[in-house]
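Undergrad: With chain A's structure known, arrange chain B on it following the hints.
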Amino acid sequence: DVKVTQSSRYLVKRTGEKVFLECVQDMDHENMFWYRQDPGLGLRLIYFSYDVKMKEKGDIPEGYSVSREKKERFSLILESASTNQTSMYLCASSRLGLTGHYGYTFGSGTRLTVV
Amino acid sequence: AQSVTQLDSQVPVFEEAPVELRCNYSSSVSVYLFWYVQYPNQGLQLLLKYLSGSTLVKGINGFEAEFNKSQTSFHLRKPSVHISDTAEYFCAVSESQGGSEKLVFGKGTKLTVNP
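These protein sequences, in sequence, are chains A and B. Under my numbering, the residues of the first sequence are numbered 1 to 115, in order. Under my numbering, the residues of the second sequence are numbered 1 to 115, in order.
Isolated chain A, as found in the complex:
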């Protein structure tokens, strides 16, 4: 089974801090995704990547950046954390060209609180 591992389940950070959320997958998937999940708003795509060093903006990229230096790792960066970035962050991965067949595999999520 594909495993997608998010390094932290819970994080508490202060306003203005630079925050790194890490995601690692172990099945050689080309596609990786970062979503945030808020009550009543569902899942909103922040960024995705379909290859090393490639990235594309999702629906809500403002205030975030990403890094993909290795195929298995996709990092989400909050340059200067703000309280409105308090949320559940979900990482997902899929095989290039086969998202439709197999869907995504998700990590367990990181619940970030910015105080």
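Hints are computed from structural coordinates only; laboratory data are not their basis. Built from N, CA and C at the ideal position, the CB exists for glycine as well.
Pairs of lysine to aspartate or glutamate, DMTMM-like flavour, derived with a Cα cap of 20 angstroms:
{"no.": "1", "chain 1": "A", "residue 1": "K55", "chain 2": "B", "residue 2": "E101"}
{"no.": "2", "chain 1": "B", "residue 1": "K107", "chain 2": "A", "residue 2": "D59"}
{"no.": "3", "chain 1": "B", "residue 1": "K110", "chain 2": "A", "residue 2": "D38"}
Pair ranges (Cβ atoms, derived):
{"no.": "4", "chain 1": "B", "residue 1": "E15", "chain 2": "A", "residue 2": "T86", "range": "27 to 35 angstroms"}
{"no.": "5", "chain 1": "B", "residue 1": "K58", "chain 2": "A", "residue 2": "S82", "range": "41 to 49 angstroms"}
{"no.": "6", "chain 1": "B", "residue 1": "E15", "chain 2": "A", "residue 2": "S80", "range": "45 to 53 angstroms"}
{"no.": "7", "chain 1": "A", "residue 1": "E22", "chain 2": "B", "residue 2": "K69", "range": "36 to 44 angstroms"}
{"no.": "8", "chain 1": "B", "residue 1": "A1", "chain 2": "A", "residue 2": "E17", "range": "32 to 40 angstroms"}
Far from chain B, by Cβ distances over 10 angstroms, these chain A residues were calculated:
{"no.": "9", "residue": "K13"}
{"no.": "10", "residue": "K18"}
{"no.": "11", "residue": "V19"}
{"no.": "12", "residue": "F20"}
{"no.": "13", "residue": "P61"}
TA: Only chain B this time, still in chain A's reference frame:
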């Protein structure tokens, strides 16, 4: 562009009652359809998917869903729910041919099973 509508944001039911969670999609092309489940403070896991063939799809934990092309629906059902089915359920869609690598999600339905 594709879209997914989950008609109910919250569904309360009693234990051992049947349940139906509704999902309608909009797409100009053929689609693949998915249901994911998210237990409290966890990531999403795949419940079932429709790719082709029989319109009735069976998934894990006794859930099933029926694809109805004419009504563009993919409703999720379970004949008798348990307390442990309390979770949030997400419907998602993907284009079946040459489509985007991204899934499009509905906003989710919170199922609460009461004793």
